[in-house]
Structure formats: C-alpha cells, structure tokens
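Colleague: The lines below spell out each chain.
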Amino acid sequence: MTVTIRAELLTKRYGHNTALDSLDLEIQRGEVFGYLGPNGAGKSTTIALLLGFIRPTSGAARIFDLDVRRDAPAIHRRLAYVPSEANLWPSLTGGEALQFLGNIHGSVDDAYRTALVDRFELVPDEKIRAYSHGNRQKILLIAAFASRAELLLLDEPTTGLDPLMEQVFRACVHEAHDRGQTVLLSSHILSEVEALCDRVAMLRAGRIIETGHLEALRGIAALRVRAELESSAPDISRLDGVSNVVVDGQTIECDVTGSMTALVRALAAAGVKNMTTREPSLEEVFVSHYRDRSAATGSDR
Amino acid sequence: MSADIVQLRAETAIARRAFKQLWIGAAAWALVFGGTVAASALSYVSSFPTASSRHQLAVTTGGDTGLAVLLGPVSSIDTVGGYTVYKCFVFLTTIGAIWAMVAATRLLRNEEDAGRWQLLLAGNTRPARATAATLGALGAAVAIVFCGTTLIIVLAGRDAKVGFGVGEAVLYALSIAVAPAVFGAVGALTSQLGSTRRMATGLGIGAFGLSFIVRMLADSGPHARWLLWATPFGWTELMRPLTHNDPWPLVPAAVTVVALSGAAIVLASRRDAGAGMLAARDMSSLRPFGLSSPSQLALRLEFPVLSAWLAGAAAAAFVFGIIVKVTTGKVPASLTKTLGRFGVKGAFANQYFGVAFLLVATLVALVPASQIGAASDEETSGRLAHVLAQPVQRARLFAGRLLLSGAAIALSGLLAGFAAWLGAKTQGVNLHFVSMVGAGLNVVPTALVTLGIGALLLSVAPRRAAGTVYGVVMWSLLIDLLGSIVARLSWLDRLSLFHYMALAPAQRADPKTLAITVMFALAMCVVATIRFGQRDVQRA
Numbered sequence: 104m105t106v107t108i109r110a111e112l113l114t115k116r117y118g119h120n121t122a123l124d125s126l127d128l129e130i131q132r133g134e135v136f137g138y139l140g141p142n143g144a145g146k147s148t149t150i151a152l153l154l155g156f157i158r159p160t161s162g163a164a165r166i167f168d169l170d171v172r173r174d175a176p177a178i179h180r181r182l183a184y185v186p187s188e189a190n191l192w193p194s195l196t197g198g199e200a201l202q203f204l205g206n207i208h209g210s211v212d213d214a215y216r217t218a219l220v221d222r223f224e225l226v227p228d229e230k231i232r233a234y235s236h237g238n239r240q241k242i243l244l245i246a247a248f249a250s251r252a253e254l255l256l257l258d259e260p261t262t263g264l265d266p267l268m269e270q271v272f273r274a275c276v277h278e279a280h281d282r283g284q285t286v287l288l289s290s291h292i293l294s295e296v297e298a299l300c301d302r303v304a305m306l307r308a309g310r311i312i313e314t315g316h317l318e319a320l321r322g323i324a325a326l327r328v329r330a331e332l333e334s335s336a337p338d339i340s341r342l343d344g345v346s347n348v349v350v351d352g353q354t355i356e357c358d359v360t361g362s363m364t365a366l367v368r369a370l371a372a373a374g375v376k377n378m379t380t381r382e383p384s385l386e387e388v389f390v391s392h393y394r395d396r397s398a399a400t401g402s403d404r
Numbered sequence: 121m122s123a124d125i126v127q128l129r130a131e132t133a134i135a136r137r138a139f140k141q142l143w144i145g146a147a148a149w150a151l152v153f154g155g156t157v158a159a160s161a162l163s164y165v166s167s168f169p170t171a172s173s174r175h176q177l178a179v180t181t182g183g184d185t186g187l188a189v190l191l192g193p194v195s196s197i198d199t200v201g202g203y204t205v206y207k208c209f210v211f212l213t214t215i216g217a218i219w220a221m222v223a224a225t226r227l228l229r230n231e232e233d234a235g236r237w238q239l240l241l242a243g244n245t246r247p248a249r250a251t252a253a254t255l256g257a258l259g260a261a262v263a264i265v266f267c268g269t270t271l272i273i274v275l276a277g278r279d280a281k282v283g284f285g286v287g288e289a290v291l292y293a294l295s296i297a298v299a300p301a302v303f304g305a306v307g308a309l310t311s312q313l314g315s316t317r318r319m320a321t322g323l324g325i326g327a328f329g330l331s332f333i334v335r336m337l338a339d340s341g342p343h344a345r346w347l348l349w350a351t352p353f354g355w356t357e358l359m360r361p362l363t364h365n366d367p368w369p370l371v372p373a374a375v376t377v378v379a380l381s382g383a384a385i386v387l388a389s390r391r392d393a394g395a396g397m398l399a400a401r402d403m404s405s406l407r408p409f410g411l412s413s414p415s416q417l418a419l420r421l422e423f424p425v426l427s428a429w430l431a432g433a434a435a436a437a438f439v440f441g442i443i444v445k446v447t448t449g450k451v452p453a454s455l456t457k458t459l460g461r462f463g464v465k466g467a468f469a470n471q472y473f474g475v476a477f478l479l480v481a482t483l484v485a486l487v488p489a490s491q492i493g494a495a496s497d498e499e500t501s502g503r504l505a506h507v508l509a510q511p512v513q514r515a516r517l518f519a520g521r522l523l524l525s526g527a528a529i530a531l532s533g534l535l536a537g538f539a540a541w542l543g544a545k546t547q548g549v550n551l552h553f554v555s556m557v558g559a560g561l562n563v564v565p566t567a568l569v570t571l572g573i574g575a576l577l578l579s580v581a582p583r584r585a586a587g588t589v590y591g592v593v594m595w596s597l598l599i600d601l602l603g604s605i606v607a608r609l610s611w612l613d614r615l616s617l618f619h620y621m622a623l624a625p626a627q628r629a630d631p632k633t634l635a636i637t638v639m640f641a642l643a644m645c646v647v648a649t650i651r652f653g654q655r656d657v658q659r660a
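Heads up: the sequence lines are chains A and B, in that order. Okay, so the first sequence: first residue is 104 according to this note's numbering, each after it adds one. Okay, so the second sequence: first residue is 121 according to this note's numbering, each after it adds one.
Please note: incorrect hints may appear among the correct ones.
As the list claims (entries may be wrong) - What follows is a list of derived Cβ distance ranges for each label pair:
# : chain 1 : residue 1 : chain 2 : residue 2 : range
1 : A       : Ser362    : B       : Arg583    : 54 to 64 Å
2 : B       : Arg655    : A       : Asn120    : 14 to 24 Å
3 : A       : Thr379    : B       : Asn244    : 49 to 59 Å
4 : B       : Arg584    : A       : Gly143    : 23 to 33 Å
5 : A       : Thr379    : B       : Arg655    : 52 to 62 Å
6 : B       : Arg655    : A       : Gly361    : 43 to 53 Å
7 : A       : Thr364    : B       : Pro511    : 53 to 63 Å
8 : A       : Asp168    : B       : Arg407    : 55 to 65 Å
Claimed, not checked - To give an idea of the interface, some chain A residues facing chain B are shown, with a C-beta separation under 10 Å as derived from the structure:
#  : residue
9  : Arg172
10 : Ala175
11 : His179
12 : Leu182
13 : Glu188
14 : Glu199
15 : Gly209
16 : Pro227
17 : Asp228
18 : Arg251
None of these hints come from the bench; they were simulated from the model. All residues carry an ideal CB built from backbone N, CA and C; glycine is no exception.
With the hints as extra help, turn the sequences into a complete structure.
Modeller: Right under this line is the structure:
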C-alpha cells in the first residue's frame, strides 16, 4: 500500500503547553481514517501542521512523500481542506465563493459541483453574510468534494449541518472512498466516524492513545454479557477480565475483556437459560478509553 | 424586586462594556481637539501679533465667500477666537461627527452582525434597554471629548495674548461636541435601519454628506443663511463661539439628539434581532470580477475602502488648492515666518503647499495602515486559511497584497498632486502642473515606509499591526506639528517619518534621498514577505 500521510515524532509546543506530543501516524492511500479526540486533544493542531500552516517544534510530516512545509503548494494542489469554522467573505455570494475556491485550487469537476449544490440544497445566489452556519459549511464541503482532490482533510466538517445534510455528507465521503480518494476525518461525532472510517486513531492531550481498525478496537474493549440462570448467580467478580458485575435475582450482567472461557464455565455450572453478548459501540470504546486513562493519570492535561 | 436589580446590572454591564471600547479613543480625540484649538490660537497670536496684521488678514480673507463655503465661519478672522473657530471648524466637526457615527454603528450594528449583540439580548435585558445603555456609554465618551477639550482650551486661554474666558471655553467645547453628539445618535438610528454595518455606516455617511452640503449652501450668501438652522454644522456655526457666544443653537441640537436616540431605542424594540428596518440585498447573481486569484479578490473586497481613501486624499488636496487663493493677496510677514518654521522656503504659494502636502502625506500614509488592518483581519478571522490551503505560495500572496497597497499609495499621491493643481486652477491661480504632481508623488516614498513598517509588524504580530501603524503615523504628524510650534522641541522631528520627506514644492526633493527611502521601504517589505512565509498562521 502507498502511504499518503506520514508523521514521525511530530511535536508542537506553545511555550510550556504541548499541543501535540511525538505523533507517529501513517495513513494509506484510499483509506478513510478517523481522527478522534475530545476538545483540545490536538486534532486541529495536527491538521494545521499537515497543511504547513504552523511549524513543528520537532519531528516531521510528509504527504504524498513531500515535505509539508517546503512543498506546501505542490501538496495543496492535490488536497482539499474543510475546517470546522466556515468564516468566509461575507460580501460574496455562495456561488462566488465556490468559483473563487475552485479557481485558486485549479481543479474542479464542474458537473459534480453543480450536482453537489443541488444535493446540499445550497442557494448559490445568496450572500454569505445571510447564510446560516450550516449553509456556510456546505460551501466548503462542496468546494472540497468538487475538487476531486486525492486527499481530503476534514476537520470536524459537519459542524452546523442538520441530520439530512449529514447523510448527504456521508454519501459524499463514501463516493470519495469508492473513487480511491484518501480521507482524514477529524471528529468527535462517533457515529459519523463509525459509519465512515476504516481505521481510527484516538488522541488525548496531544498523544495518540490507540490506533487501529474499528473491529480491533472493539475487540480490545469489554464485551457486555447478560445471562439468565437456572439457579442463583455464582460469584464471578474475582474472575480474570470480568468487571462491572450486576446481579438481579437469577439474572447476571457483566463486562468481560480477553478470554471468556472462565466466565462461561462459571455460568454453565449454574445452568444457563439464555445468554446474550453485545459488542461495544465506538462511543462506549471512546468513553471507556478516556475514562480509564483519566483515572490512571489522575487528571486531564 | 430582585428581578429589577438583576436587570439594572445587565444594562450596567452592557454600558460598561461599550464604554471600555470607547474611552481611550475619546480621550485621544479630546487631546487632539484641544491641542488643535490651542495650537491654532497660539499660532495666530504669534503670526498676527498686531491689530494691523489681523486687519490685513481680514481684508484679504474675511469676506471671501468661497472660503466660507469650504471652511465655514470666516467673517471674524480678525480676532483670536474668530480665527481659531474658522481654522478648526471643518476639521473638528468632521472628525467628531465621523468618529461618533462610526463608533455607534460599531457598538450596535457590528456587534449584531457578529452575533455578540444577540448574546447580550439573551441575558436579562431587552433590545430597547440594551440600546439605551449603549447610547449612554457613547454619551459618556462624548462627554470625555467635551471635558478634555474644555480643559485644554481653558489652559490655552490663560495665555494673556489668547485670553479665552472659562465660560467661552465651555461654550466652544460644547459647540465642538454638537457634531459627535448628533452624529452618534444618527449612527444609532442607522444601526436600526440598516441590516449590515456597511449599510448602517453608508446611511450615516449619507446623512453627514447631506448636512455638510446644506451648511456649504447656507454659507454661500446672506440669502441662504437661514439654512444654517437645518444642519448640525450650522448649529455649531451659529453659536459663533469665542466671539458672540450664542447658546441658543444648542436647543435644536439637544432636541435632535433626544429625538434620534429615542427613535433608535423604539426601533430596536420593534424589529427582529439581526435584521434591519430596511431590507438588505442579500441575493445577487454571480459577478466574476476578482475571483481569479487571491490578489484580485483583495482588490475586489478593498475597492470601496481604497476608493474612499483616494477620494479623501484628492478632496483634501483639492481644498488646499482652492485655499491657495489667499496667496494672491498680500501675505503678512509673520505668516510667512510661521510656515518658515517647517523649513520651507521660496514663494508663499510654494511654502503653503509644502505644509499642505504634509497633511496630504498623513492621509496617504494612512492608506497602508487600513490595508494592513484588512490583511490582519483576513488572517485572524480564519479566512486566510481557506486561501493558504490552496496551491498558493505564501510569499506571493503576501507580496500581492503589498503590491496592491503600494499601487494605491502611488495613485493617491498622483491624484493629490493633480487635485491640488486643479483646485488652484478653479480659483484662477495657475501653478506649474509638473511641480504640483511631483509634490503629490513626493509623499509616496514616506507612505511606502509606513507600508514596510506595517508589513514587518504583520509578519510578526498580525493582531497588533494595524493599531501600531496608525499610532506611528499619528505620532509622526503630532511631533512634526509640535516641533514647528515649540522651538525647544524641534529635535523631536527626527523621530517623525515626515522629517525625512522634503516639503515639496517648497523644498526640492533630493533624488538620492527618495531612492534610499524607497529602497528602505522595499527592503522592509522583502524581509516581511520572507518572514510571513516562515511564521505560524494565526488562527481564529
């Protein structure tokens, strides 16, 4: 596989504050990569570094095997960027902003742009000052998708979009994926990431705490088990990997990580009427990660 | 009962917040207004020390209707008070009116455009009360201008040769405060009418222009003098401060302020937040001009502002050209001596233009300040990020912006030179065309240095760039004027940008100095361009 984005020990400090700490990241071509983290985790700093907007304190980043600072114009010709704050030129109309962004990018699929204007229900003759926040965001999304750029850097791109437009956005990302475009989607909307991304990285206080395929991440998270027993529930709280045990009569619920063999044996001894297991959602994985790490480190940075 | 107390606190907080945004500017204008009045009075008693020289000036100038139309009350020019009021009339009323009107639209409409006003309204207040609180803060700022100006006039009046009484000083300061008070209320009203700050300010400027023209018509002859009662500038003029001291025109001024403020408060409660009483044109078909490159877009977005600066510089030079007519009469030696303190020599007309172009140079030097401000806003608002994420060279982008400012500066100088020549021509005074255009272009290198300073600041600390450049230009003018009035402070001149500019056409511009100045400005621009390409982009 070809690597589209590669960051090595990428670090950004503002005085004593470390915004990004030794980031190592590889994103393959054609991948939709989710970049997760709470507010202030360093997601936007990463994207600003990748765009060459800010200088790294140490480390390096390359896109298309080019240096993000030195070769910025050459890289930018092949990417499109959507920030979360759509501060555009208030006196231009939406159509004029699209025209301008298309002109300076130099690559626009006009027919696709027209189709996107319809799909996102944008009124292009309206001045930007009269647009709602969501409508201003649509301009940037349309400009980015219509550029057919090889790489889409999307930094919380659906801020302000209504659920219907969120669906249109997801469809556009799927189309981009099908065409082989690479997408870096920074978000804290977990359902969005879950629906769109192949792999995710979880960022906390400037550091990546987990990277991998969604399935793998779910695998390392606890599985929720619920069993109805034929006799009274055994004491399973001391078993390896078992936590959050709740007993209600002959019904027992718990979380289990790792091997389930010991748990199944203990429950089988009590007689199992029925048993269900449920994989955690990305949200549960996310919350569990950040809660556990916060508890381990004492406090957030 | 507790709810009432909370409401009072909300409005107090709004008023305090507004006042915090205004008081420094108000104090600065009080200093400028008072200083201008004091400098005019002191320079008059020094330039025209005898009754005969004052009489001579009155004969030359006092009956000139053209000057009265342009500059206001000229008839009592043979007294210290009459000359001071005449000399300061247009400058102080114009600056005061525009400052207060722009402040009102900034506090009311601009806050609403940005969505901050709606945040305030979400608190325990109502639109009418919040508007009234803001107007209260604006009134307090005007009061600062009044008090500061009064104090300085009183101090200047203690000079035996000037001899202004305290009562006279208070009345004169009140007459100066009429324009900001009325046009502050005009700005409050247009902020309710217009749905954008641009529209509100445009309506306010329109009201200002109309009032100014009515005043000019009223001064065109005795038959139209009654029109003075129809314009705020007329009320100031009718008070005839420092000579006849008539307080009655304050009555229509006070009534107008109350009526306009009341209308603004009522309208604030009768319209939707974010909307104006007048519909804005929010729909437009695509206009392709300026959409091909970042520099072209900058030109498109800045075109109205740059046009206003060009028109302002040309209009000021045109007025200076018209006033040169005074030189066709016999000029007192003392006035020649006063102008000589700036270092200008030769024929009086040349001396006069040498100093007049110093003021034009100030206006032209402010052109890059406004452009640096626009560039800084582009970056700190986050709009620049959309451009920098495209395949554009940062250095080329920055250089394009500087080139646009440089072109505007050169055009301003050229137009100013031409306008001064044309102004004189309309009065039948024939000046050497090339010499006048050269004098206009002579201000360009100094303004380019201002651009270089602004560019350097922008490349290091964009949020502070515009304010600092404005400060540098105003400081330069102030110490240049101060150095010419107070001989002991003439050494300060060296700290002024204008010290290194020949006062053409009175002084011959040295090509070597001009070349060095331009090269210095270019060097600063080049360093700034390189630095801009290296530093972190500031985020919104």
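Colleague: If a hint holds in the structure, say so; if it does not, say that too.
Modeller: Comparing the hints with the structure gives:
1. At roughly 58 Å, the beta-carbon separation of Ser362/A and Arg583/B lies within the given 54 to 64 Å, and the hint holds.
2. Our hint of 14 to 24 Å for Arg655/B and Asn120/A holds, since their Cβ atoms are close to 18 Å apart.
3. With their beta carbons about 52 Å apart, Thr379/A and Asn244/B fall inside the hinted range of 49 to 59 Å.
4. For Arg584/B and Gly143/A, the hinted distance range of 23 to 33 Å is satisfied, since their beta carbons lie about 26 Å from each other.
5. For Thr379/A paired with Arg655/B, a C-beta distance near 58 Å keeps the hint of 52 to 62 Å intact.
6. Checking the proposed 43 to 53 Å range against Arg655/B and Gly361/A shows it holds: the Cβ atoms sit about 50 Å from each other.
7. The beta-carbon spacing between Thr364/A and Pro511/B, approximately 57 Å, falls within the hinted interval of 53 to 63 Å.
8. A hinted range of 55 to 65 Å for the beta carbons of Asp168/A and Arg407/B is inconsistent with their spacing of about 41 Å.
9. At a threshold of 10 Å, the smallest CB-CB gap from Arg172/A to chain B is about 9 Å, leaving the interface hint in force.
10. Contact between Ala175/A and chain B, as hinted, is supported at the beta carbon level, the nearest pair being about 8 Å apart and thus within 10 Å.
11. The beta carbon of His179/A comes within 4 Å of a beta carbon in chain B, closer than 10 Å, and the hint placing it at the interface holds.
12. A distance limit of 10 Å between C-beta atoms decides the matter here; for Leu182/A the minimum to chain B is near 8 Å, and the interface restraint holds.
13. The interface hint given for Glu188/A holds, since its Cβ lies 5 Å from the closest Cβ of chain B, which is under the 10 Å cut-off.
14. At its closest, the beta carbon of Glu199/A sits 6 Å from a beta carbon of chain B; the interface hint therefore holds under the 10 Å criterion.
15. Because the beta carbon of Gly209/A sits about 6 Å from the nearest beta carbon in chain B, less than 10 Å, this interface hint is met.
16. Here the hint on Pro227/A is kept, as its CB sits about 8 Å from the closest CB of chain B, short of 10 Å.
17. The interface hint given for Asp228/A holds, since its Cβ lies 5 Å from the closest Cβ of chain B, which is under the 10 Å cut-off.
18. Interface restraint check: Arg251/A against chain B, minimum CB-CB distance 14 Å, threshold 10 Å, status violated.
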